[in-house]
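If you want the building blocks of each chain, they are given just below.
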Amino acid sequence: MSKILIIDDSSTMRKIVGRALRQAGFEFEKTLEAADGQQALDVLRETPVDIILSDINMPNMNGVEFLQAKNDDPALQSIPVVMISTETGSDILNQALELGAKGSIKKPFTPDLIKEVLGKIL
Amino acid sequence: MNLAQYIVEATQEVFTTMLMEEVSAGAPLETRNERFSDSISSIVGMAGANKGAVAVHSPVNVACRITELFLGMEVESLDDDVKDAMGELANMITGNVKGKLEEQGQDIRLSIPTTVDGDNYTVECPGKHEGTIVPFSFQDCRFLVEIHFE
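In order, the protein sequence lines correspond to chains A and B.
Taking the numbering used here, the leading residue of the first sequence gets 1, the next gets one more, and so forth.
Taking the numbering used here, the leading residue of the second sequence gets 123, the next gets one more, and so forth.
To be clear, the hints were calculated from the coordinates, so they are not data collected in a lab.
Incorrect hints may appear among the rest.
[Unchecked claim] Below are the DSSO-like pairs computed for lysine-lysine, each with C-alpha atoms no more than 27 angstroms apart in a straight line:
1. B:Lys-222 with A:Lys-102
2. B:Lys-222 with A:Lys-115
3. A:Lys-15 with A:Lys-106
4. A:Lys-115 with A:Lys-102
5. A:Lys-106 with B:Lys-222
6. A:Lys-102 with A:Lys-120
7. A:Lys-106 with B:Lys-205
8. A:Lys-106 with B:Lys-173
9. B:Lys-205 with A:Lys-15
With these hints in hand, go ahead and build the complete structure from the sequences.
Pasting the structure below:
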């Protein structure tokens, strides 16, 4: 299966998400990483991906600002994004969903939850 | 509002789900630790109607063990991986507590985690505050989780 981009300012969390994806049975041809929204846009303009998992609270460009910027770019706007965050039921998560995020995964999470949410999209 | 119970539930959920490790909570400390040695403290600020913070205080060797459980690899000393892992631990605990406080009608926004470490340092809690500090243990490791509000 294709390419995924994991956006999180924590390198630990990027590794954990990558491991959980494998445990959930997802095998990606390539797993790309970015530490914030701006870095993610730079990565995506070099290497388009099939799905994005993004944190919300990040320095420089947070997850909501990233969604806005992605939506403004015709080359990127069709890529599905799932938010993965400690934020649940909050205004900022609702903003992300209104901006087109396809779902959300609450930290802490299990591989089963990742499988359930991504399984509806992939 | 039982802040100690929120801290216990949040910390145990994070450890069980993300580190596959059970942690035991002790009784909340009667006096607040301010001075730490050979330790690392990860702090997430809370802003909104109520301002405060959640902090995880851990001896360096325990922080290394927690990082090993997070990453599934051996960690020998305090490095960027340990600082990042402890920041993320504080972030997840705080996010969980935030959800519980929001159920009580509190509007809270979280900061990005920050970490401090050293041989001998102080984490101050300025002004009058409401809060609690709870000791946790797993295997032969002990650490503290604290919450306070101005």
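The hints, checked one at a time:
1. B:Lys-222 with A:Lys-102: holds (25 angstroms)
2. B:Lys-222 with A:Lys-115: holds (26 angstroms)
3. A:Lys-15 with A:Lys-106: Judged against 27 angstroms, a Cα distance of about 16 angstroms means the pair holds.
4. A:Lys-115 with A:Lys-102: holds (14 angstroms)
5. A:Lys-106 with B:Lys-222: holds (14 angstroms)
6. A:Lys-102 with A:Lys-120: holds (9 angstroms)
7. A:Lys-106 with B:Lys-205: holds (22 angstroms)
8. A:Lys-106 with B:Lys-173: It holds: about 23 angstroms lies between the C-alpha atoms, which stays within 27 angstroms.
9. B:Lys-205 with A:Lys-15: holds (15 angstroms)
Checked against the numbered hints above, the structure violates none of them.
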